[in-house]
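Protein sequence lines, in the order shown, are assigned to chains A and B.
For the first sequence, the numbering used here begins at 1 and goes up steadily by one.
For the second sequence, the numbering used here begins at 134 and goes up steadily by one.
Be aware that a few hints might be false.
To be verified - Far from chain A, some chain B residues (derived; all Cβ distances over 12 Å):
hint	residue
1	Gly143
2	Tyr253
3	Ser288
4	Glu352
5	His358
6	Ser379
7	His385
As the list claims (entries may be wrong) - Quick partial rundown of chain B residues pointing at chain A, CB under 10 Å, derived from the structure:
hint	residue
8	Gln214
9	Lys218
10	Arg389
What the hints contain is simulated information worked out from the structure, not anything from laboratory work.
Nothing here was measured: the structure is a model prediction, and the numbers come from that model.
A virtual CB, placed ideally from N, CA and C, is assigned to each residue, including glycine.
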Amino acid sequence: MILLLGLLGICPGIPGGLHAGPPELLPETTREPDSGQEDGTNLGAWLATLFRDHISEVDGDRCPSLPSCSAYSVEVFKKHGFFIGWVMTVDRLIHEADEDSVSPLVYHYGKVKILDPVENNDFWWFPQERERP
Amino acid sequence: MFVWTPVLAGEIVIRSGEQMDFARSYMIKGQYDRAVGEFERFIHFFPDDPEVEEARYLIGVCHLKQGHYKAAKEAFAGVMQADPKGPLAGKALLMIGESYYEQGLAGEGEIYFRQVIAEYPHLKDAALYRLGWGKLAQNNWLEASEAFQKVEQGSPFYDRAQGLALESLKGRDLPYKDPASAGVLAALLPGLGHAYLSRYKSAAVAFLLNGLFAWAAVESFHEDHDVLGGILTFLEIGWYSGNIYSAVNGAHKYNRKVQDDFRDSLKKDLNLHLFSSGRQGIGVALTFRF
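When you get a sec, could you build the whole thing from the sequences and use the hints?
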């Protein structure tokens, strides 16, 4: 798991590839999803938070995606539990290289990022929250 | 008869028509927040004015223009409840459906469009047109085509609807990728599923990572480092599972993009304009452009 989290530091891929259209301008006040106080019983989220707060802080934000890989990992562990969270974290690390071919580009604090939230990767099997009529 | 109305210094008299026009002016300028405030001021000071329902209706429009869907729906629902048989009831119902559609909830909007079709014949074609677009948003190509076909000749939407009725059916023949095939290929050889999706960078990452971990695990067991081999095998299971999930997920996202690009290419031209023909009545102009 430590090796896995270490590889969270690998963020291959540079946005701005084949996706049609210019990046959309996100409001500058947009923040990454607030992972909040971590639930001590969620091992995956705790480990991902550990990486985000103490390892990723050292070399800064190099992730081309929004949310960042570590924030994504925390969110997906909390949403789907340990096993699926792990699988989806691996998915994020694999697909980040050319995700701009299927996901939109946005401006975030002056940088172009690939908008790739958790909902972008579980929409086809996890029922999304919808407003009732 | 001449009536002398003294106006003290520092006071002004605003009449209902002036207040209403003032509110509309903000709306025309696109300052919808201010328009809402002025319409509400009109309702507060002139609650018995005949244009009160129009003001409520235009509040809903202002909210819709700003993407405040819940507030828009509440405003339109208020118009309907105040006068279910009134001239704005059908339009308000249509706009509730429109609010759901703009919000990305085409399925919910459909309920309202169908009610408009059933109860308000003079708005039927507009509702059918939007219903067709709602079906397109849900990838129901055949149902979309059927909805567009029902738009009657003589309607301003007719020509466009006829074209869309044909175009919609092409959605069934888009170049989709099969998620199951992507998953099976990824299971056979990590990276092959991504290659099937033409995502060669992801394919390379999946192949290399799985290859390295698998090789490292094998070497560890070969060197009698069973604990290390076990750890690496455990991690490799994660990489392998993630590779399969990534390929399947990628196929779904690919198909979604193909569908989105197809819908964009149909060039949605419906433009729902709302105008007031003055204090005598309201009109809803449903216009479209090529």
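Okay, which hints does this one fail, numbers in order?
6, 7, 8, 9
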